[in-house]
Each structure stands twice: as structure tokens, then as C-alpha cells.
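Trainee: Chains A and B, in that order, give the protein sequences.
Going by our numbering, 235 is the number at position 235 of the first sequence; the sequence numbering is gapless.
Going by our numbering, 207 is the number at position 207 of the second sequence; the sequence numbering is gapless.
Just to be clear, a hint being listed does not mean it is correct.
[Unchecked claim] Footprint (simulated), chain B over chain A, 3 or more residues, beta carbon under 8 Å:
id : region
1  : 193-205
2  : 270-279
3  : 492-503
In case anyone wonders, no lab produced these hints; they're calculated from the structure.
Bear in mind the structure is a predicted one, so any value in this text is a computation, not a measurement.
Yeah, the Cβ is synthetic: ideal placement off N, Cα and C, and Gly gets one too.
Number of protein chains: 2
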Amino acid sequence: MHHHFTEMSNTVSVFLALLCYLLLQSLSCSGSKILVVPVDGSHWINMKIILEELHSRGHEITVLRSAKSWYIPSNSSIYTSINVPMFEDEANRDFYIKMLQGVMDRRSYPTFIRTFYQQHLLTSVIGDCHKMLARSAAKILDDAVLMKKLKDTKFDLMLTDPAFSLGIILGGYLKLPMVFNVRWINNGEGHQTVAPSPVSYVPVSGSELHDQMNFLERTKNMLHYLYSVYEQYFIINPAYSDLFQKHFSPGTDLVSLGLSADIWLFREDFVFEFPRPTMPNVVYVGGFQCKKAHPLPDDLEAFMQSSGQHGVVVMSMGTLVSALPPEITEAIAAAFAQLPQKVIWRFVGDKPSSLGNNTLLVKWLPQNDLLGHPKTRVFIAHGGTNGLYEAIYHGVPVLGLPLLFDQFDNLLRMKVRGAVRVVEARSLTKDNFLEAVKDVLENPFYRKNIQRLSQLHRDQPMPPMDTAIFWIEYVIRNKGAAHLQSAGFSLPWYSYFCLDVAVVVLALIGTSIWVSVLVCRLLCCRNGKKMKAE
Amino acid sequence: MHHHFTEMSNTVSVFLALLCYLLLQSLSCSGSKILVVPVDGSHWINMKIILEELHSRGHEITVLRSAKSWYIPSNSSIYTSINVPMFEDEANRDFYIKMLQGVMDRRSYPTFIRTFYQQHLLTSVIGDCHKMLARSAAKILDDAVLMKKLKDTKFDLMLTDPAFSLGIILGGYLKLPMVFNVRWINNGEGHQTVAPSPVSYVPVSGSELHDQMNFLERTKNMLHYLYSVYEQYFIINPAYSDLFQKHFSPGTDLVSLGLSADIWLFREDFVFEFPRPTMPNVVYVGGFQCKKAHPLPDDLEAFMQSSGQHGVVVMSMGTLVSALPPEITEAIAAAFAQLPQKVIWRFVGDKPSSLGNNTLLVKWLPQNDLLGHPKTRVFIAHGGTNGLYEAIYHGVPVLGLPLLFDQFDNLLRMKVRGAVRVVEARSLTKDNFLEAVKDVLENPFYRKNIQRLSQLHRDQPMPPMDTAIFWIEYVIRNKGAAHLQSAGFSLPWYSYFCLDVAVVVLALIGTSIWVSVLVCRLLCCRNGKKMKAE
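For reference, chain A alone in the conformation it holds in the complex (with noise of 0.2 Å):
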């Protein structure tokens, strides 16, 4: 049934596909009732694509939103929604244009200072949100008629984004089978609390280290894990302290609500992450958002084919940083001007005043359909997941710019492979700035290497879509999947850690010597005393 899903030819693709079609939905759980907890900008981008899947495959779903959302439409041909409170209602997409400033003012310091410092400074802004994520997830409990409402729908699985904490929590309540759609959480890769990622090559999230460290690097990225874990413990948990102790029984916290999920499907490729333990619940679906390109609309057509043998330049910075600093933006625009490529720029702002005659500013851009256009050569970006898994399927180099969050852990990756270059926002000129995106128009090794990356994330066993759906219906089926949640789960930290065990162990060795010392000693005083006495 395995086959590689992009070689097939057209013909016999679409017939197994209409088959596939036909033999699933004979299959499917249709039917049943699914609750979904999205979180709101890039992540509902592929929560939607798997929300559409599940549509059309016959089942009910149910999208809790706030009334205040970016992008997430009330209403909708695929869901019903329920407005509730969430964290829109209090924070707004200002809150990440300052956040930026912040971090482009601290990412100064040297390497290992800075990015420590700069958790302890975000410290303050990590607890602010889990708190305000606590209020909402509070308000939701205590409403009482909500809340039968949603109990009395007898939903059969939360789908939830981990990455905010109203679905962990949600789900728990409720006791429903669920299924995460997750790329990071909490302090970091979900992976810390799932499965075991032992420091020495498995670099901690927001270290900007890779796989190979040298002794130093395994030193930093120890300080990360042990900051992370007094963060989880010290900074986030305490702030649902309150939430837990009325709704949940004792010794519940956000971990171990986490740890109950059945199945972990994680946006994540080893073309992209590096190699690292797993558990047989984590199930990767990285880029099953990635489709083939459509036909781009007329007058974007028009303006790829005037580009001639130079080709195009695509640049977008994602959903929730609209607005670059003024001196960056016409920097960048300077730079392009000097190209003999045309750019598409997802722009939003003021226009730049050295914008030059090549470049096309648009609020909006069928990202997929460019990057699989045959005339596009290099794609600008923030390196947010969603972007970097269509650049890798559709192969094309990229040029990083990163800004937030993993954004610098997500280009660090593929930086290892070969397959982008990276600028600094913070040291961004016109000159560096061309320079850079004239190495990645112009030398073929980033091309090579993003299209072996390519090669290889394109031959699954099985579509990552598909891969997704199974788990998630999988879990329908047979109401949670417990037998694949490790015992270690339920193990105190110590126990855990066998530290018990070797406690007693040594312990153990150490009275035996001790009990042998003795022995010897006494034999040889006796047998000292004896001599002495002959």
C-alpha cells in the first residue's frame, strides 16, 4: 500500500486516490463529534487544513474561538463555533511587534549570556501569559451552562494545539480522548515532558544549538534543560495553581494533563529536526499541510513571466509580525531595487521610499503556489514551521530572517543542512542584505541541498496527511490509545531517575566495604597482636 506519493503518474494517482476515497469513507468513524481547541494566527493555518480533512470525511466539528479572533472565523461551511473567552480578549497582535523589539535589543550580547538572560527578562512575560491563559481557561469552567453543554454533547475527542493550554485542560475535564496537533509547548519541544531527551544531543529549544555539540555547547545547553525545568515547575504550573485545586483532583497539573494525551502528532520531519528519542504515541506528520501548486490567479501570472530567465524573489514574514522597523524595511527595499529578479513582498505598512520598480508589495500571497512556481529562486522568511516544511517540499532556498520563538531554532536546522542562509534582523544593512540574497539566488549549493532535503521528506511511507487523519480517527475508534502512553509517565521524578535505586545500590556497596575494612582490620590487629605476643 506504500508507495512515494509525489512520483506516481497523474493517471494512476487519481484512480487510487478516488479507490482511497471510496474504501475510507466505508472505513470512517463518520460521524462523530469532534471538539477542537485551535491557537490563534500561524497554528490555525494548519489546524484549518486538517479541520477540512475531517469534514469531508463525514465528522461533526465543534471550534472554540474567541470573539475577538485574528483568523479564526466565526462562521464557517466546516464547523460550528463557540465564542468563549480566550487569550485574544486580553492580549492583541501589538503585544509580538513589542516582544520583537525586545529580542532584537538583547540578541547583542554575546551567544551564552544573551540567550539566558533573555529567558530570565522573558520570565516575567511567559508567567503573564500562562496567567492570562489561566483566567480564561477559569471563566470557561465556571460557566455552568457551557459546560453542560459541552458534556452533554458526548463530543468523542478533543483536538487541541497545546501551545496555549485551554485544550489540555478542557480535554481533561471533560475526560475525552485526545489528540494533539503540536509543534511546541510549554517551555519548549513537547518532546522534554513525552520522551526522554537527554541533553548531551538533544539541543533544549531556544539554545540555537544543534546536535553535535562540543563540550561547551553540551554545558549551555545543561543550563537551558535546568532553566526550562524551574520554569515549568517554578513559573508556569504555579500559575494554574488555583484553577487545578477547584476543578481537578489533587497532583494534577498541566504536565501531567499533557502526558494523558493519546496521541502526539507532531509537526516535525527529520529532514528538519535531528535525530531524537521518540515514543511510540508521537506520531510526525511535518508538512502534511504542503500541497502541489495551484494556478496562480491572472495578474500574478503575468507578473512571475515578466521576471525572464532571472526569476522571482518571494518574501513574507509570517501572520503575527505585520510590521518590521521602518529602517529594516527600507533597507530590504533598497537591496531589491538593485536585483535584476522581480519580488513579491507580503507587505503590510507604510511603503518604503527606496522601493524599486522590480518589487510588488501585496497584503497577501498564495504562498504554496509561489513557492511551487517553476520561476521562483529563493524564498525570504521568518522560518516559521508552516513556511519551511513548503519550501522544503517544493525545494526552494531560503533566505532567513528571524524574529521570535523558534524561529531561530527552525532556520539553525536547516542552516546545519546546507539549505538557507540566516541574517540578523538587529544587523540588517542594504549591503549585507544583498550580498546575502545574491549567495542564495546565485550558488547552487543551497538549491542542491534543499532539494535532496526535498527528495528525502517527500519519500514516506504514506502522505503525512493521511498519516495524521489515521491517528486521529485511530483514537476514535478505539476510544484513546493507552496502551501506547509510557509507564514512566506515572513514576515520581526520583523514581523516574532511578535516583532511588541508586541511592540504595550505593549504599549497599559502600556498607559491604566498609563491613569488609572491618573484618580485615580486626584479623590484622589479631594477627598483629599475635606476633607481638610470640
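For this one, chain A is given, so just place chain B on it according to the hints.
Mentor: Just chain B, lined up with the frame of chain A:
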């Protein structure tokens, strides 16, 4: 593309199979040259099934075998064979019968001491086995004509069962991409080397522990773990030291060569194995050899039907140990004689005097077809994985009579899930055996549980055989899978466990505490002196 591979309607499945076949043919890396180093006995049974599939997909297969092989024929329509010096030249099957007597004797000691002691006693056996294996590997590497022939063939892949070391050594020497078809390796689970195996919830093979351990059991597991490390580095590795010194670059040993395998096809499924950490290059294909039952030969079918409503008990003790001690076979035969069921017993040796009319002795039986027969009520087995996966696949409850190797551990896994009952050969009597058979026959608990396992085992994104073939061809297509290999493998053990980092971090903390105390004291002293002076 995913589907429930058993529930599909027949028409669709035939159609789909045909299409997939066409598709796969067009994508396969047919014409690839595969070098296979199998392990004789039951391991060969499942390797052969993979080879048949690979042959049908157009690959050229060369099998290395002993001229005295027990099961591997020299002439085959699916492969070319080459006779080489192997384990079977020096050992014979009586070896296992002697080992069995030893194990049975030792199993009368209390659990903890017994198992540990047993391993110590077996030490010389394990060391001797590896010395035999090293001798035959050395003969092969020293055979210039054979080695030239193997090199000149330019194989695309080494496919081997690493339970014996020859395939690992030869694959490493010829620098071939390598795929393991593996259940256990060297001192136990291959996982002890390929993925982290926290001692707190991953039982070491041979420990007869499960994944939920109390303090004493975790201590026992730790001792087993420490002993297995000792065994690997002080008993097994030294057996090969001359060989590696002569033919490999310094620092190479059996462990490092094993870790260089591209893909590990593990004959495991998590309905059977306890959930545990795994790695991206580990693929679970447990039960790949299972298939729908074919109709039985006429005489056997007539025998099955003659059982009427009572049904049939099927008994087989595997390929290696053909003869149980006569007092045990007499007790079993006498117990069978009292059953209303019919019994089919795979039996080699002298016919027991107590044999009843309801019991049919056969030298060989079509095990998969019998287990899939509707009249089959219970499977009495030694607990090898081939038989257990067939029992899971067909949902037949098992009465286990473990004899050697991993059989005790295997049966424990299914006992924990309520799908088997276990009797000890050493304490077996007619009465307790009869009681146990009746229990498994009459108590619906066992059947219900194994049918739940069967349902979960069959609910996979694709059939495990297709998964196995996909990854074998993946390694051929991509000339290895280096990007799935952990960076942790290249670290020395003290770095892997971060001991170097821990020492330095603790030293730094210690020093800073010491300095602070010193400064405090100096200040106190001064203040004290000042106060005195005043």
C-alpha cells in the same frame, strides 16, 4: 492512502491491491542487489518471507549460509546461496536441548537470585558462542577469493538478522548500507544500544519484569542492566578483539558497527511490547509474517471438523527444541487424553504411552492456517515471537510453556494483558497442566483480551510487511539513511550521560559556594576583630 487493512471489502481490496502492485512495480528499485546474512532456525522463517516479497519485486538476492544449515536450503528459486563457515558448523541442535535442561534446573531458585545467577552461569556459554561466531567471521574475512567476489558484486544493501554477528561485521567491512531484521541482539534488546532505555520503566531482557515496577523490581532491573553492560563490554566485545584489530580501523567494535545500521526493522508491536522510547531509524514491523489462513489439507480439515462443538487444541514448541523431557511429554499426553477437545501436537520423538485417541501427533503443522481455523480454541506454545504474533493476529488465546531465551519475557508481556496463561515446564504435572488448559479453554477472559489485542494490532496505517519493504527499498533508493541516525552514537559514554558537564557544573557551584563562605568568614573575622578592637 491509509486504511484498516483487514476490514476492507473484498472487491475494493483486490482492485486496490492490483493498482498498488502496478504502482509499486513502477517505483521499486528493482534490479538492486541485496546481500542477506540470516540466522538459522525460527529466525529464518520470517526472514524468508521478506526475501520472497523482495524477490517478487525484482531484487537479486544472495544468501550466505552454512553448508550444514538446519533450515536454509542451498537451492532456491528466490535467491542464490553461498556456503560460508558459520555457527552451525560448530554447534548443533543438541546444544539447545542441553541448554534447556540447564535453564530448567536453575529456575527452581527464588526469582531474584535465580535469574541473576543464571546469567552468570550462562556467561561462559555466551562467551563461547561469540568466540565461535568470531572464528567463522574471521575465516570469511580471510578468504581473499570470497571477499573479492563479494566486493566485485557491488551489493546495494546488507539485510541481516543481528542476533548473530556475522552480518553486522560483513556489512561494516564491505561498507554497505545496512538494514536489520531484528528481535533481540547481543545481550538483549537492540534498544539498549539504539535508543535510551530508562531502567525505571524499560525492563531489561531476561529480567522477566514488566513496565510497572516497584522499588525492588527497579533495583533488580538496574542490576540486570549493569550486568548486561558488563557482559557486552567484558565478555562479548573481547571475543572479537583480534578480528577487529586485524580488519577494522581502531575504535571499531561490535556495538559501533551495529549502531551504523541505517534502519532497524523491529519485529515488535506495542500491543505486545511495553511502550518505550524509540529512535527515528527504528521501524516496528511486528507480525509482518501473519496472513489470512489458507484452507487446510483434506485430512487435517476432516480432523478439525471431527472435533464438533468442542473445537481443537493446537500445540507446537517451535523449531529448535524438538524434544521435551519424557516425563513432561507423558504428563501432557495424559492431560490431553482427558479433554473433550481434539488435539494436534507437533511432536518429534518417541510416542508417549499415555497418548489419548483424541490427540494427533504430527512432525510439522501449518501453524498460521491452523490458528486461523474457526475450530481452534487454544494454542499451546513455547512463546517464541513468531507464534505469539500469529496468535495475536488470529485472536487465539495461548497457554505458554516457556523454555529458553526471550520466551519467558514474551509470555510475560501477554500475561500482563490477560491474553495468556503460563505454566512452568519444571513443575509441570498432569493435573496442573490439565487445570491450566481447561482454564484457558473455558474462561472467556483470555479470548476477550487477545481479541482486543488482535483488533488493535490489525488497526495500522499500513500492513507491517509493506512497511518493512518500504524501508528496505528506502535505504536502497537513498543509499542509506544517515539523516535518521542519532548524533549521540558518536559521543564517548561519559559525554553521552553528561557526566563531564555535571562534574564541571558541580565543581563551579562548589567553588562559588566555597568562595562565598570564605568571603563571609573574612568579613565576619574582620568585623569580629573590629568589634574586639572597639
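Trainee: It remains to establish, for every hint, whether it holds in the given structure.
Mentor: Now for the hints, and whether the structure bears them out:
{"no.": "1", "hint": "193-205", "result": "holds (count 6)"}
{"no.": "2", "hint": "270-279", "result": "holds (count 8)"}
{"no.": "3", "hint": "492-503", "result": "holds (count 7)"}
Violated hints: none; the structure is consistent with every hint.
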